[in-house]
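So the protein sequences, as listed, match chains A and B.
Read left to right, the first sequence gives residues 1 to 361 (our numbering).
Read left to right, the second sequence gives residues 1001 to 1097 (our numbering).
To be clear, the hints were calculated from the coordinates, so they are not data collected in a lab.
You may find that some hints are simply not true.
To be verified - Heads up, simulated SDA-like pairs for lysine to any residue below, C-alpha to C-alpha not over 20 angstroms straight-line:
#1 K27/A <-> G1017/B
#2 K1040/B <-> K214/A
#3 K214/A <-> E1095/B
#4 K65/A <-> R1030/B
#5 K65/A <-> C1024/B
#6 K1040/B <-> E1029/B
#7 K324/A <-> N291/A
#8 K281/A <-> K324/A
#9 K214/A <-> Y118/A
#10 K1040/B <-> S1079/B
#11 K161/A <-> H1032/B
#12 K65/A <-> R1027/B
#13 K324/A <-> I303/A
#14 K1040/B <-> K324/A
#15 K65/A <-> G160/A
#16 K1040/B <-> E30/A
#17 K161/A <-> I1033/B
#18 K100/A <-> Y156/A
#19 K1040/B <-> Y118/A
To be verified - Some chain B residues near chain A, calculated using beta-carbon distances under 10 angstroms:
#20 V1012
#21 N1018
#22 E1022
#23 R1030
#24 V1037
#25 K1040
#26 S1079
#27 S1081
#28 A1082
#29 A1084
#30 S1086
#31 S1087
#32 A1088
#33 A1090
Unchecked claim - Residues from chain B that keep clear of chain A, each with C-beta distances beyond 12 angstroms, as calculated:
#34 C1010
#35 L1014
#36 P1015
#37 E1019
#38 A1020
#39 R1027
#40 A1028
Note that the Cβ used here is the ideal one computed from N, Cα and C, for glycine as well.
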Amino acid sequence: MASVKLNLGYDRGNERTNACVVTDMNKIVEMDMSSLIAEGDLRHYDAVMSGSGVKDGLTSTHTNKMHLTYDGITYFIGDFANQGDNPTNGFSDEDRYQGKHTQISLMAVCAHLASRLYPYQNVQDLAVNLVMGVPIQAYREKAEVIAEALRNVYRYNYNGKEYTLRVDDVRVFMEGAGAGICAGLDSTASIGIVDSGSFTTNILRFDGARPNTKDCVSFPIGVGTATARLNKWFEREYNRELSTSEQQQILRASIGVDPYPILYADGREVSQTLLSEWIRKALNETGIERNTRIAKHWSKQTINSMKSVIHCGGGAYYFDASLKKIIRSTTVMMDSEKLNARGYAVLSNQIAQRKQLQKGA
Amino acid sequence: MRNPDMYYYCEVALPKGNEAVEACVARAERDHIPLRVLIKEAVINAYEDAPVAESRVSRPKAKRTSAKPRAKKHTASDSVSASAVSSAAAFLDDEGF
Chain A
1 MASVKLNLGY DRGNERTNAC VVTDMNKIVE MDMSSLIAEG DLRHYDAVMS
51 GSGVKDGLTS THTNKMHLTY DGITYFIGDF ANQGDNPTNG FSDEDRYQGK
101 HTQISLMAVC AHLASRLYPY QNVQDLAVNL VMGVPIQAYR EKAEVIAEAL
151 RNVYRYNYNG KEYTLRVDDV RVFMEGAGAG ICAGLDSTAS IGIVDSGSFT
201 TNILRFDGAR PNTKDCVSFP IGVGTATARL NKWFEREYNR ELSTSEQQQI
251 LRASIGVDPY PILYADGREV SQTLLSEWIR KALNETGIER NTRIAKHWSK
301 QTINSMKSVI HCGGGAYYFD ASLKKIIRST TVMMDSEKLN ARGYAVLSNQ
351 IAQRKQLQKG A
Chain B
1001 MRNPDMYYYC EVALPKGNEA VEACVARAER DHIPLRVLIK EAVINAYEDA
1051 PVAESRVSRP KAKRTSAKPR AKKHTASDSV SASAVSSAAA FLDDEGF
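Just chain A, same shape as in the assembly (with noise of 0.2 angstroms):
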C-alpha cells in the first residue's frame, strides 16, 4: 500500500467546490464539483437503480458517483447528492468551513485527486499540506480556529476503498488571495481582486504582495442573489419554483453559452422571452447593488491608483459587465472560478518546500 503527501489548495465555495494540486512536473491537476453533501444508502440507491425498488426524484443516469463512509454514515457527495436524503452546501452553518460538512469534502477531494494523479498504485495512505481561502469576515474572526479543527487523522471509505488521510498542515487566508497570485501580484504596484461568489463577494487589494486590510472586505451579494430575484418573479407567475439545475441553465443562457431551456409549469409552456428579460433584470439589479456597496469600501481614487483588478469567481462571468460601470479595467481571466484553488495551491507547494529546506539547514 502506497503513501503519498498531497500539496493541496482547496476552495470551498457554496455553489462549487475546487480543488487542485500542482505536480512536481509543475502541472496543475484539479477538480471543480458542486458542494452539495447527502447522507445517503447505498445499497437502496443500487437496489433502486437495478429496479427492485422505488424512490420519487430518482434519476435513472448519473455522472460521477462519489460516495463516503466515515463514522458510520454514508454521504453521497457532488451531484450524485442529489440521489441522497436532504442535500445541502451547509451554508446555514456558520461554522461551516471547518465542521463535517467541509471534512467529509476534504476527504473525497484527497481520495479522488489522489487516485488521479498515482492511478497504477494503490495509494490509500494519504497526508495533506492544505492551503485553503474563507471570506475575510471568517479569515478575520477564526482563520486559527479552522486550522485547528480541520488538522486530524481521517479514516474513511471512499467508492469502496479504504483510506486514511492525515491533515497535517493547514493555512487559512483570504478568499480571493489565491486568484490574485495566480493572476501574479506585482512588487512596485496596488491590484485589486473582485471574487465573485454565488452569496459572497470578497474585494481585497494588494500593495505588492502585501494585503491591504483596510480595502478587503467581504459582503452576502453574489448570484444566488440575482436567481433568488429571478426565482421570486417565476413563482409570481407560473406558482412554481425553478429547481438549482433550472436557474444554472437560465444563469449560462443569458451568458449565451446554451441556449435558454425549455421549461414547463402547470402543463404550459414557460416563455423564454419572459426568462431572458427576469435573468437579465435580475443581474441587472444585484449587480448595481454589488456595486454600491464596493464604491462604498473602494473610493475612485483607490480604484484609479489600481494598475489592475482581476475580477474572479463563477460569478465574474456574468457580474463583469455591470461591475464596468464602476470600475473600467477589470480582466477576467479564462477558468475564472478555479483561480483560487489554483493560486493556493501554489502556495501550499512552496510551503512545503520552505519546510523542508528549513529541516535541511
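For chain A, the structure is supplied; the task is to place chain B on it using the hints.
Relative to chain A, chain B alone:
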C-alpha cells in the same frame, strides 16, 4: 464553465478491441475517472509525439452577447506560470513564512 469560443468540441467513436482504447476504458472503471478525461489526455499526448489525423469537428454556435466577458488567456492553462510562483514566494515572504 467552458467558454465555447475557447474550446473545440468533437464527436468521436472509440473502436472496441483497440489496445489503447481498452486500456483507457479499464482505467476509467478502475480509478473512477471519466472516460472523456482520459481520451482527451491521450489525444493531446499523442499529438505531442506525432501529428493526429484530422477528425470531424464542429464548434457549437453560441450567440455572443455583449454581457459576456472576454477571458484573458493563460499561455499554458495546465501549468503553473512563473508569475504565480514568484507572487506566491513574495506573498509568503511578506506573511513571514
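Consistency of the hints with the structure:
no., hint, verdict
1, K27/A <-> G1017/B, "violated (31 angstroms)"
2, K1040/B <-> K214/A, "violated (45 angstroms)"
3, K214/A <-> E1095/B, "holds (17 angstroms)"
4, K65/A <-> R1030/B, "holds (13 angstroms)"
5, K65/A <-> C1024/B, "holds (19 angstroms)"
6, K1040/B <-> E1029/B, "holds (16 angstroms)"
7, K324/A <-> N291/A, "holds (9 angstroms)"
8, K281/A <-> K324/A, "holds (17 angstroms)"
9, K214/A <-> Y118/A, "violated (43 angstroms)"
10, K1040/B <-> S1079/B, "holds (16 angstroms)"
11, K161/A <-> H1032/B, "holds (12 angstroms)"
12, K65/A <-> R1027/B, "holds (16 angstroms)"
13, K324/A <-> I303/A, "holds (12 angstroms)"
14, K1040/B <-> K324/A, "violated (36 angstroms)"
15, K65/A <-> G160/A, "holds (11 angstroms)"
16, K1040/B <-> E30/A, "holds (15 angstroms)"
17, K161/A <-> I1033/B, "holds (15 angstroms)"
18, K100/A <-> Y156/A, "holds (13 angstroms)"
19, K1040/B <-> Y118/A, "holds (18 angstroms)"
20, V1012, "violated (19 angstroms)"
21, N1018, "violated (19 angstroms)"
22, E1022, "violated (15 angstroms)"
23, R1030, "holds (8 angstroms)"
24, V1037, "holds (8 angstroms)"
25, K1040, "violated (13 angstroms)"
26, S1079, "holds (5 angstroms)"
27, S1081, "holds (7 angstroms)"
28, A1082, "holds (9 angstroms)"
29, A1084, "holds (5 angstroms)"
30, S1086, "holds (8 angstroms)"
31, S1087, "holds (4 angstroms)"
32, A1088, "holds (5 angstroms)"
33, A1090, "holds (4 angstroms)"
34, C1010, "holds (18 angstroms)"
35, L1014, "holds (18 angstroms)"
36, P1015, "holds (23 angstroms)"
37, E1019, "holds (16 angstroms)"
38, A1020, "holds (15 angstroms)"
39, R1027, "violated (6 angstroms)"
40, A1028, "violated (10 angstroms)"
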